[in-house]
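Student: Generate the whole structure from the sequences, applying the supplied hints.
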Amino acid sequence: MSQPEFTVEDLKRILVEGAGADEGVDLDSDILDTDFESLGYESLALLETAGRIEREFGITLDDEVFIDNPTPRELVAAVNAKLPGSLAA
Amino acid sequence: MTARVVITGIGIAAPNGFGVEDYWAATRVGKSAIGRITRFDPTQYPARLAGEIRGFDARDHLPGRLIPQTDRMTQLALVATDSAFEDAGVKPGDIPEYDMGVVTASTAGGFEFGQNELQALWSKGSQHVSAYQSFAWFYAVNSGQISIRNGMRGHSAVVVSDQAGGLDAIAQARRQIRKGSKLICSGGVDASICPWGWVAQLANGRVSTSENTERAYLPFDADASGYVPGEGGALLILEDAEAARQRGAENVYGEIAGYGSTFDPRPGSGREPGLRRAIELALADADAEPSDIGVVFADAAGTPELDRVEAEALIEVFGAAGVPVTAPKTMTGRLYSGAAPVDVVTAVLAMREGLIPPTVNVSLSPEYDIDLVTAQPRTARVRNALVVARGYGGFNSAMVVRGTDR
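Protein chains in written order, with UniProt numbering: chain A, 1 to 89; chain G, 1 to 406.
Calculated from the structure, these hints are not laboratory results. Predicted model only: the values in this text are computed from it and were never measured. Glycine included, C-beta positions come from ideal geometry on N, C-alpha and C. Mixed in with the good hints there might be a few duds.
[Unchecked claim] Chain G is faced by these chain A residues, among others (derived, beta-carbon under 10 angstroms): (1) Glu9; (2) Val16; (3) Glu17; (4) Gly18; (5) Gly20; (6) Ala21; (7) Leu44; (8) Ala45; (9) Leu47; (10) Glu48; (11) Thr49; (12) Arg55; (13) Ala81.
[As the list claims (entries may be wrong)] Calculated pairs, DSSO-like style, for lysine-lysine (alpha carbon to alpha carbon, straight line, at most 30 angstroms): (14) A:Lys12 / G:Lys124; (15) G:Lys124 / A:Lys82; (16) A:Lys82 / A:Lys12; (17) G:Lys179 / G:Lys91.
Tutor: Encoded structure:
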């Protein structure tokens, strides 16, 4: 049985749906290690993004999830660790 | 010494014209934009006509980051503000950020955004409400977003007094400039032609239920039966006249010369409505006599009782048929907080061209002894214009706008 996985493509889609995209940033370039602030997303945009991830994947994220994981690479790992079937879950 | 405050930039989003040139080209010849609502299906509602802004797509004008966090009225306001800054020839950075401020008026807030989030709340649950609902709906959001987008960190405020608010905001902007601000962006934009906003508007009982676009909004006409709501408004760049001169401002449209506001007495008190006093206060503030005023832009409520109050106030101040009166808002519908800023724009453009735009579709009722400009525009040399605006619940405001010598 395949496990659900949260990918960086999911993250980009949810960012754009919830908060739009900054014209000065190419989300399709290598953004994995660029922090969210540099990508143009302030705290409210990240709050909206966290809410959308939570309801789409049926999980609960800590309030500090973006503070503890300020880049897409870290966030994707943190979300995946919460998914059912994950060793860390 | 009180500083003179002048209009140096205009941004306008009106149902019959987007931008100064389009708006004036339509207004000067009496081109109406009132039609059946297209933004939602109005069939089940008692009123079905509105002045809509057609063909506006915020994505053509605004960054992608702003779209999910803004209501339509804010999107219109931001685009109008961009136009006003461009018209004024000012860029963020030209003026120190704490010397620039924003004062807008709001009647409704971001109703369409709020409707969508409330629908998400009750159909799907609180997890589905946008984080941006925290501010996208509320009255001060246009001031906030204009301030953020343009780096204006000086005085920022919103006034909420229905249509009178459009003048109240400009007056507050003038006070801030007299206290030392160099530039204030001021005016108002409302846009709530969505089912929730529509029901809220219908609740005051003054919206026309006529389905005839030419007979629905007829201020000062014997057939007056209410008003048609519209969406849009205008944002103005206001500056200290001396500061504007020093920076070499190219467009000086006119001066905010006088302002007065009053509140109506308690209903049933038998005392006189406050409108006449507001007009007299504005004239006194402008150091103007009634004979100095070349045209009045009427509030034009479109209900017999309110039309009578306005006609009587004008007759008491100016004499019977003592001044040309017009209501170009018959072409757009009533724009709430956007109405009076649009009238201020129309006033300076009318003074510039020497042409008073018409009050379309109206035949003046013999009950009102005013000189209403109907059907055709009228040429006139005008040096001072009076703009009148009232708000639901007893607000009265009046403003004298003075043209500039060219």
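Student: None of the hints should be skipped; say for each whether it holds.
Tutor: Comparing the hints with the structure gives:
1. Glu9: 18 angstroms, violated
2. Val16: OK, holds: Val16 of chain A within 10 angstroms of chain G, min 8 angstroms.
3. Glu17: 8 angstroms, holds
4. Gly18: Gly18 of chain A check passes; min Cβ-Cβ to chain G is 6 angstroms, inside 10 angstroms.
5. Gly20: 4 angstroms, holds
6. Ala21: Holds: closest Cβ of chain G sits about 5 angstroms from Ala21 of chain A, inside 10 angstroms.
7. Leu44: Where the cut-off is 10 angstroms and the nearest Cβ of chain G is about 5 angstroms from Leu44 of chain A, the hint holds.
8. Ala45: 8 angstroms, holds
9. Leu47: 5 angstroms, holds
10. Glu48: 4 angstroms, holds
11. Thr49: Result: holds, 9 angstroms to nearest chain G Cβ.
12. Arg55: Arg55 of chain A check passes; min Cβ-Cβ to chain G is 5 angstroms, inside 10 angstroms.
13. Ala81: 21 angstroms, violated
14. A:Lys12 / G:Lys124: Holds - the C-alpha atoms of Lys124 of chain G and Lys12 of chain A are around 23 angstroms apart, at most 30 angstroms.
15. G:Lys124 / A:Lys82: Holds, at roughly 23 angstroms.
16. A:Lys82 / A:Lys12: 19 angstroms, holds
17. G:Lys179 / G:Lys91: OK: Lys179 of chain G and Lys91 of chain G at ~22 angstroms, within 30 angstroms.
When each numbered hint is compared with the structure, violations occur for hints 1 and 13.
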